[in-house]
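Residue numbers (this note's numbering), protein chains in the order written: chain U, 13 to 784; chain D, 43 to 231.
These are computed hints drawn from the structure, not numbers from a lab.
Treat the hints with care, since some could be wrong.
With a straight-line cut-off of 20 Å between C-alpha atoms, the simulated EDC-like cross-links for lysine to aspartate or glutamate are [what the hints assert, rightly or not]:
id	chain 1	residue 1	chain 2	residue 2
1	U	Lys420	D	Glu141
2	D	Lys203	U	Glu352
3	U	Lys155	U	Glu751
4	U	Lys420	D	Asp148
5	U	Lys511	D	Glu145
6	U	Lys511	D	Asp100
7	U	Lys615	U	Glu751
8	U	Lys420	D	Asp64
9	U	Lys420	D	Glu219
10	D	Lys203	U	Asp364
11	U	Lys515	D	Asp148
12	D	Lys147	U	Glu716
13	U	Lys615	D	Asp102
14	U	Lys511	D	Asp64
15	U	Lys511	D	Glu141
From a predicted model like this one, the values you see are computed outputs, not experimental measurements.
Listed below, chain by chain, are the residues.
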Amino acid sequence: MLSTNIRKFLSLTFIIFLFLNAWSQDCHIMLSGKVVDQHDEENLEFATVYIQELNSGTVCDSLGQFTLGEICPGKYHIIVSHLGCESKNYYISIMENTHQIFHLEHHEELMDEVEITGDASQSKTGLNKNTIKKEILFEQAGKSLSEILTSIPGVSTLKSGPNLSKPMIQGMYGNRVTILNHGIPQEGQQWGNDHAPEIDPNTADKISVYKGASAIRFGLQAIGGIVILEPEEIPKDPHWHGSYQTTLQTNGLNFSGAATVRKSYDLAKIRLTGGFAKSGDKKTPDYFLTNTGNSDISFSIIVSNHTSNKWKRLFYYSYFYNKNGILRGSHIGNVTDLEEAFSRKVPFYTEDKFSYNIDVPRQEVNHHLAKYNTKYFINESSNFNLDIGIQVNQRSEFDIRRSNRNDKPALDLNLFSQYYDLYYFKQSDNLEYTAGIQYRNANNTNVPGTGILPLIPDYINNTGAGYLISKYKMKNIQIESGLRVEFRNYFVAKINNNKEIIKYRLNYLNWAANLGLKSSISKDIKTVVDISFTNRPPEVNELFSNGLHQGVSGIEEGNIQLKAENSFKIVNEWDGKISPSTNITASLFYNRISNYIYLQPQKEFRLTIRGAFPVFKYIGTDALLAGGDIKLIHNLTHHLQASSGLSYIYAKNITQNSGLIRIPPLNLQLNLSYTFGKFWKIHEIKTVLGFSYDAKQTNVDLNEDFLNPPDEYYLVNISTKFRLKTGKGNDIDIQFRAENLLNNTYRQYLNRLRYFADETGSNFSLNIKSYF
Amino acid sequence: MNTKFLTFGMSIAILALFSSCDKDPVVPNEEELITTVNYTLTPVSTGQTVTYTFLDIDGDGGNAPIISTIGELKSGTSYNGVLTLLNEAGNPSQNITEEIEAEDKDHQLFFAVSGGTVGKMVISYDDKDANNQPLGLKTKVSTTGTGTGKLMITLRHLPNKSATGVSTGNITNAGGETDIEVNFDIVIK
């Protein structure tokens, strides 16, 4: 009996407890708020707010306001979407009536962040940052980093065939452009015109470019500008979220995949990315480009610790493997071979069958990058920041050789580098400054066993630098000034033609300074003027290259007499709304470089047992580059947007009174995009019709090149993107893309392949990205 | 925390300073290099042997190559031509001719006479590769009349031996990559 009483009592207590619990579980909570643009806080009308756990959502009114009722207390995943914006997943706790403002990044304008405020780690230079956001990265999926960057006016590519491309910023490339890979300057064999940066763009959430004047903080090699790959802040959400993406392309039967996942633990936030790509021979409108397949693998991890408000720590590691075939018909011996190759309509060794096989000649690259960043906040207005980067770059290049030596690399380099940067940042009401010291060490080794005298010697590069950047803010104006002093020591062990090892020690003391002015002319128009002086010491390849460079089929000779390059550059950038529906950005520059170092073809050919070879020698000349790029975005209607971009550079070799080699010709891009919303089950449809035109480069010295620049050409591209939603409200983006839709036959001035073959013909892609 | 941070930074900086500061590269053995081309013409019956030599011991760059001729080419004579390739940069020197013989399908030599000896010095193949196509390490040479001109000897790696004219010694459609290309002055007396 007693037991039944107890049971009764217990069940009663339980019922009471349940009742109390249900009573306290007030499921009448309201979530209300607003959805606004991250940049200008403008209300985003008719945005959708969807609570995943409740499978319910609402549409904002014309002021971007929303209300959702009948919510029980708890933590919820909320997906906020808007036409033309990247959807965002928020994880918030709703315990009582809550008013929340959600920020979305409107991708309409893919650039222009004039940062009047922000700390030193965000505004890296005084100039405008041109950013390619996630949405645009998706629309460009399957392309290389450099190709993606060409959507920014003023950025072009220097190519060696369909797989190898280097970014070029306002006519500068290689040793004059720095790529900042998650905060660390990328160290590879960037001197080679046929060496693409060893980075998978899928490891970044956004990619930006600063044009010019970036040398103060990132070193004198950033004379022409910097490319920045960075992750976005990992949201505080204790579940795995992310996306996966597949791209299929018809030209080269390319298939690739990439995935990103993020999670926030109590101790640390984690982001992982992985990707692969496999492609076979590309095709021009008329023939296959035999041996132009490639395969890539990449992986990266971020672990960041934000448990303390005073101390932030972040670890990053990335690995990139890349195997690139080089057009079989572009591998030639001496000048006779080269001239014979020029006269051919279809390159030698062209197969009439497609193949995934990657034979010789080819490049294989492994790149590891490990980074540690720590930031210590002394108080709200001052902090210390330390970056450490360790990189290993292994590059093997395989050539066509005799007696089964094809498997033996003809060039085998191992570059180990270290980067340490420590700065102190302090800000007061209207003054902020950053003072830092930096040490870099690069150790280059030719891996023995190639059986060929090295083109680049073994060397150690020690660089120590100090810099000071200050910003003074007034009402509508901000003045920025910077100074960098850099000491560099090269230790070089060169093997000469008599097989003797000769050791050199060289020291350089160089500097850079800039003065910038940012000003808001009106609420909608901002301008920046930046004057910079950079004194770049010659790089090891410029001083010591020696031998046959297969990539350029010439004998390259370094020049130990070279002095530092002095660059004086003025950049003037504009960003403004000239009418409510028209936005204009422009970047104009004037760049005078004395002792501009370049590979100059020599008049006499060198006689060898393999015949005559052209000789190229590094020399310094006086150069002038001036030009600019301008982009106009005009919203014709709510759905229809027209944009146009124009870039042009005038370049002169003052010493020779001629044009300068390898300067991009005039480029014009026109895009018409039509975006409209909910239609049946499709949440967004965006169609872009693109037209691009490259003029013929006429300002060249014909004595400095083998062939005249190719003719002008135009290309038509078209793409359509559909956004669907999963049952849980997550986005699925599907894109169809056609490049060189008309299958035009053309050659590009800045592609070495132009000596041998046409550019690739039409390419159709299917691109799917799914978020979870 | 502040001091901890600085200590950490300092120790890293010190670590960095200990990185090595000397390099001792390994001098590569350039086994693929061809330093010497010898083209020896031995009369079928009697007479003087003629040898044409192109010598560039230090490879591309460095000192200029030495081109020499020993002996006199006589008019109205038949010669057996033998071409040898050597790598004399290392010690002992290496016979590259053997490498070419081993990969005979992937190689072909071309002999082009120009100037005043055109038609007066006629060179034909006297050997075949595994596919019964010409190779050119062995040749038949016959001379008629006198004059001075030039002889260009080219070795192509991976030529298209089945292209038009290639099997008869016309280089025009051969393609491939040039492994040697040397010129000699020819005097027929």
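Would you pick out the hints that fail for this structure and give their numbers low to high? The structure conflicts with hints 5, 7, 8, 11, 12, 15, although it agrees with all the remaining ones.
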